[in-house]
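Trainee: The residues making up each chain are set out below.
2 protein chains.
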Amino acid sequence: MTENALLLTAGILEQPNAKTAHGLIRTTSRYNIIGVIDKNSAGKDAGYLLDKVDRNMPVYATLEDFLRDSPRKAKYAIIGVAFPGGKLPVEMAAEVKAAIRAGLSIVSGLHDFLSDMPDMKELAAQHKVELIDIRKPRPKDQLKFWTGEIMQVKCPIIAVLGTDCAMGKRTTATLVTQATKEKGLNAHMIFTGQTGWLQGNKYGFILDSTYNDFISGELENAVVTCYKDTSADIIFMEGQSALSNPSGPCGSEFLLSAQCKAVLLQHAPARIWFNGQENTGIKISLKNELELIRSYGSRVLAITLNTRGLSLAQALEYKRQYEKEFGLPVVLPLEEGVG
Amino acid sequence: MTENALLLTAGILEQPNAKTAHGLIRTTSRYNIIGVIDKNSAGKDAGYLLDKVDRNMPVYATLEDFLRDSPRKAKYAIIGVAFPGGKLPVEMAAEVKAAIRAGLSIVSGLHDFLSDMPDMKELAAQHKVELIDIRKPRPKDQLKFWTGEIMQVKCPIIAVLGTDCAMGKRTTATLVTQATKEKGLNAHMIFTGQTGWLQGNKYGFILDSTYNDFISGELENAVVTCYKDTSADIIFMEGQSALSNPSGPCGSEFLLSAQCKAVLLQHAPARIWFNGQENTGIKISLKNELELIRSYGSRVLAITLNTRGLSLAQALEYKRQYEKEFGLPVVLPLEEGVG
Chain A
8 MTENALLLTA GILEQPNAKT AHGLIRTTSR YNIIGVIDKN SAGKDAGYLL
58 DKVDRNMPVY ATLEDFLRDS PRKAKYAIIG VAFPGGKLPV EMAAEVKAAI
108 RAGLSIVSGL HDFLSDMPDM KELAAQHKVE LIDIRKPRPK DQLKFWTGEI
158 MQVKCPIIAV LGTDCAMGKR TTATLVTQAT KEKGLNAHMI FTGQTGWLQG
208 NKYGFILDST YNDFISGELE NAVVTCYKDT SADIIFMEGQ SALSNPSGPC
258 GSEFLLSAQC KAVLLQHAPA RIWFNGQENT GIKISLKNEL ELIRSYGSRV
308 LAITLNTRGL SLAQALEYKR QYEKEFGLPV VLPLEEGVG
Chain B
8 MTENALLLTA GILEQPNAKT AHGLIRTTSR YNIIGVIDKN SAGKDAGYLL
58 DKVDRNMPVY ATLEDFLRDS PRKAKYAIIG VAFPGGKLPV EMAAEVKAAI
108 RAGLSIVSGL HDFLSDMPDM KELAAQHKVE LIDIRKPRPK DQLKFWTGEI
158 MQVKCPIIAV LGTDCAMGKR TTATLVTQAT KEKGLNAHMI FTGQTGWLQG
208 NKYGFILDST YNDFISGELE NAVVTCYKDT SADIIFMEGQ SALSNPSGPC
258 GSEFLLSAQC KAVLLQHAPA RIWFNGQENT GIKISLKNEL ELIRSYGSRV
308 LAITLNTRGL SLAQALEYKR QYEKEFGLPV VLPLEEGVG
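For the record, the sequence lines run as chains A and B.
The first sequence begins at 8 in my numbering and counts up one residue at a time.
The second sequence begins at 8 in my numbering and counts up one residue at a time.
If you're looking for bench data, these hints aren't it; they were derived computationally from the structure.
Any given hint might turn out to be false.
[Said to hold, decoys possible] One-sided and incomplete, this derived list gives chain A residues near chain B with beta-carbon spacing under 7 Å: (1) E189; (2) P256; (3) E330.
[Said to hold, decoys possible] Straight-line Cα separation of at most 20 Å, DMTMM-like style, residue types lysine to aspartate or glutamate; simulated pairs: (4) A/K151 - B/D123; (5) B/K143 - A/D148; (6) A/K147 - B/D126; (7) B/K104 - B/D148; (8) B/K128 - A/E137; (9) B/K143 - A/D123; (10) A/K104 - A/D148; (11) A/K188 - A/E343; (12) A/K143 - B/E285; (13) A/K82 - A/D58; (14) B/K147 - A/E71; (15) B/K290 - A/E156; (16) B/K143 - A/D119; (17) A/K147 - B/E343; (18) A/K294 - B/E298; (19) A/K143 - B/D148; (20) B/K294 - A/E298; (21) A/K143 - B/E343; (22) A/K290 - B/E156; (23) A/K268 - B/E298; (24) B/K59 - B/E298; (25) A/K151 - B/D126; (26) B/K128 - B/E156.
[Claimed, not checked] Restraint ranges, calculated between C-beta atoms of paired labels, are given here: (27) B/W280 - A/E330: 33 to 43 Å; (28) B/D148 - A/G334: 46 to 56 Å; (29) A/K235 - B/K290: 42 to 52 Å; (30) B/K290 - A/E332: 48 to 58 Å; (31) B/D61 - A/E285: 50 to 60 Å; (32) A/K135 - B/R145: 25 to 35 Å; (33) A/K235 - B/E343: 42 to 52 Å; (34) B/S122 - A/E330: 14 to 24 Å; (35) A/K80 - B/K290: 52 to 62 Å; (36) A/P96 - B/K46: 41 to 51 Å; (37) B/P125 - A/D123: 23 to 33 Å; (38) B/P146 - A/N39: 34 to 44 Å; (39) A/K46 - B/K294: 24 to 34 Å.
These numbers come from a predicted model, not from an experiment.
Using N, Cα and C, we set each Cβ at its ideal position, and we do this for glycine too.
Using the sequences and the hints given, assemble the complete structure.
Mentor: Following this line, the structure appears as structure tokens:
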């Protein structure tokens, strides 16, 4: 049975750092999302706020409002924000404690493990609820090293990479997987972040909380296991960060260790600086990212655009410009679909 | 006081996977190496075997031979081999136990932590010796995220990268740091592997046993701390793996997160396949690695050659060929020096 869950978004539901919440509002088979607590977006429907589609997910200003007004009860409260650093902001700690006191189990993808905090642990024990830290790494003896078995996978493996983090890679990967299924192909998606797990994807792992030595093997293992179990016709992989992101470059593992010979590249034309790095003087470069992918021996099939901060007319202008400059198809997944 | 230590090399002292032992035989300020246990190289001097220089480090076939014949006593036995996967081979477990019974503390850089093995733990307690797992990750609250502070470091930061692992990057980094010091510059080396720590280097961390999310921040922090503490004129960094190694690509963190705008590229002409990956069909390519480094916006200053498996004449022929093909200086660090 899929249990009811509430999202906590710390007042930033409409910001990119609430990407975990965005993913769960759009799709999850692991939980039934029945509302969001966010003081800055209260009174609206979370689905409407995101995509102009009502999804019966009201936004409440406070937990008290939810407890008083909601016709449905929640079992879980999910922390729906991911701050650079993965820390629990002080103001959120109070909200999490209130949820525990209200009898909700907490699901967290933060680096700071709730189950390691003595005060949280004690409170959870008192109220007989669970603290579920989904980023807690698996024991090493359950982790895999790279073996080369990936060379035996015969179906196309396509990575959805991007020019920065928090840019929509997971959303695009989810959409293209769904669209490919609708075309009658046996398509699967490999998740690599906590939201992918929360959404109920079966194959994958949480990349950034894994020891560096096991990343390549875990990526390979996710693809190989998915291929063997499902006889997939095509596999899409959720990428992380960007090849050229100085705060945490990532991508070559997908191109080499997971042998993704084809790439969809997600880009946000309105974003100038890498997320949280306005002060470094290092700009995002779509052109450079395309060159890097080619240097690794993979092919970019299309550029997909995150249109945040743009009017539709501006987005379409970027689309035309990139198509001309790079000679590649350019798609607006949320506006145009990915069929 | 620097304590005496013994190296255990499981019969492969003369193979690349004994690279930890090689590093410690050549240089360490953390220990005083007084011998090696290796059944296939017994009777010789370890320094002579490696570099044709006697270093008063006799190789013994067995621990019993050492205990009976050595005029010096050891406090530590250091596991001097690093197998792909970081596991403790079964045959070595017996040797480690014998060392514990002989009253030696064990220093290990393996992924398999000795202090997590009940039998080792019990035996060590019985014999009142320590089990020192140097790869055990530090607690997360001691790890750093990337901040961009690297942009404030004004001295050149040079990465020693390579076209594969176990190829001599650390040795070349150590040699160039020493040679630069001899020229009167305040040069420092940042270590990123367990051997670098064992050798007594002060700045750095063990990259492959760190959570992926903290790699960039730890690299940056090592450089920034070294620069602030020492007012370095120049900083060399020990690279890991290769940008194009499918079993664990690495390098972009050095070029972007640590802002190494210059690179020395270590290559072994006689090596065709990536270490332990003969069955994948993916070959090492010096040309591709050079292109990748350029795609990341960094400059290769010189190619340094590991001449294993080559005669001096063959090595010099490769040197001429690469100088012509790539228009770069090509150096044989161990044979010619790096001055």
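Trainee: Hey, B/K290 versus A/E156, does the alpha-carbon distance stay inside 20 Å?
Mentor: It holds: about 16 Å lies between the C-alpha atoms, which stays within 20 Å.
Trainee: Given the hinted pair A/K294 and B/E298, is their Cα-Cα distance within 20 Å?
Mentor: The hint holds at about 16 Å.
Trainee: Holds or violated: the 23 to 33 Å window for the beta-carbon distance between B/P125 and A/D123?
Mentor: Check passed, 24 Å falls within 23 to 33 Å.
Trainee: If you draw a straight line from the CA of A/K151 to the CA of B/D123, is it 20 Å or shorter?
Mentor: holds (19 Å)
Trainee: Does the beta carbon distance between A/K80 and B/K290 stay inside 52 to 62 Å, or does it fall outside?
Mentor: Check passed, 60 Å falls within 52 to 62 Å.
Trainee: Holds or violated: B/K128 and A/E137, Cα atoms, limit 20 Å.
Mentor: violated (33 Å)
Trainee: Check the hint pairing B/K143 with A/D119 against an upper bound of 20 Å on the C-alpha distance.
Mentor: Distance ~19 Å between B/K143 and A/D119 Cα, so the pair holds.
Trainee: Going straight from one Cα to the other, do B/K104 and B/D148 come out at no more than 20 Å?
Mentor: violated (34 Å)
Trainee: Can you confirm whether the C-alpha distance between A/K290 and B/E156 stays at or below 20 Å?
Mentor: holds (16 Å)
Trainee: Quickly compare the C-alpha distance for A/K147 and B/E343 to 20 Å and report which way the hint goes.
Mentor: Roughly 42 Å separates the two Cα atoms, so the pair is violated.
Trainee: Going straight from one Cα to the other, do A/K268 and B/E298 come out at no more than 20 Å?
Mentor: Given that 20 Å is the threshold and the Cα spacing comes to 18 Å, the pair holds.
Trainee: Check the hint pairing A/K143 with B/E343 against an upper bound of 20 Å on the C-alpha distance.
Mentor: violated (49 Å)
Consistency note: the structure conflicts with the earlier hints numbered 1, 3, 7, 8, 10, 12, 13, 14, 17, 21, 24, 25, 26, 29, 30, 34, 36, 39.
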